[in-house]
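Novice: Spelled out, the chains give:
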Amino acid sequence: MTKSGLIEKVAQKVEGLTVKQTEMIIDTVFDSMRESLAKGEKIEIRGFGNFRLRERKPRKARNPKTGESVEVPRKVALHFKMGKALKEALNIDVEDTEE
Amino acid sequence: MTKADLVEIIFEKVGLSKKEAQNIVETIFDTIKESFVEGESVKLSGFGTFNVRQKRSRRGRNPKTGAELEITPRKVLTFRASNQLKEMIEKNGAKSLGER
Numbered sequence: 000m001t002k003s004g005l006i007e008k009v010a011q012k013v014e015g016l017t018v019k020q021t022e023m024i025i026d027t028v029f030d031s032m033r034e035s036l037a038k039g040e041k042i043e044i045r046g047f048g049n050f051r052l053r054e055r056k057p058r059k060a061r062n063p064k065t066g067e068s069v070e071v072p073r074k075v076a077l078h079f080k081m082g083k084a085l086k087e088a089l090n091i092d093v094e095d096t097e098e
Numbered sequence: 000m001t002k003a004d005l006v007e008i009i010f011e012k013v014g015l016s017k018k019e020a021q022n023i024v025e026t027i028f029d030t031i032k033e034s035f036v037e038g039e040s041v042k043l044s045g046f047g048t049f050n051v052r053q054k055r056s057r058r059g060r061n062p063k064t065g066a067e068l069e070i071t072p073r074k075v076l077t078f079r080a081s082n083q084l085k086e087m088i089e090k091n092g093a094k095s096l097g098e099r
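Sequence lines, in order, name chains A and B. Going by numbering that gives the first Met the number 0, the first residue of the first sequence is number 0, and it counts up by one from there. Going by numbering that gives the first Met the number 0, the first residue of the second sequence is number 0, and it counts up by one from there.
No wet-lab data here; the hints were simulated from the structure. Beta carbons: idealized from backbone N, C-alpha and C, even for Gly. You may find that some hints are simply not true.
To be verified - Cβ-Cβ distance ranges computed for the label pairs, FRET-style: (1) B:Q83 x A:E67: 29 to 35 Å; (2) B:R79 x A:A84: 18 to 24 Å; (3) B:S16 x A:P63: 28 to 34 Å.
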């Protein structure tokens, strides 16, 4: 599913909402989430999942070809963890062996 | 940021009641979830891509007791941020991360 598919489905489900309005709302939702993450914030969507930034510390690595030592700079990676409800919805038929 | 913040933003930006804004935000995430349950990936241009992946059964260990057990096959979700989002995070998010 792409964004246009999502817009269509949401517009169908919510009474009184046009496709144009839905598009604007969906764009606003993901733009806001993007801005929040860009500020370094964590996003928690109950039942769906959490987005947070994780630091990857600078480290020394080696160029496998030349054996030369290189400095890998600090990086920030975005991490998504699905929520419990979503995990369960994806695995209704699976008995949980974790935890 | 939580779902309530998103509802507030929609409420302020669009001429909808809080209840309506809440209903729409819930519907958006529910619809995405339905797609995952069907095993379908969701691609949101400018934001990122969610992929549903099937994991096979494997042997694992309970890290507490050391007991060996079989991890059942399951579905997991991976998220890849779009280049646009990655750039935004590199520019700003990286700086503020240490300050939280």
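Novice: Between the beta carbons of R79 (chain B) and A84 (chain A), is the distance compatible with 18 to 24 Å?
Specialist: holds (22 Å)
Novice: Okay, S16 (chain B) versus P63 (chain A) on CB: inside 28 to 34 Å?
Specialist: violated (60 Å)
Novice: With 29 to 35 Å as the target window, see if Q83 (chain B) and E67 (chain A) comply at their CB atoms.
Specialist: Holds - the Cβ-Cβ distance for Q83 (chain B) and E67 (chain A), about 33 Å, lies within 29 to 35 Å.
Checked against the numbered hints given earlier, this structure breaks only hint 3.
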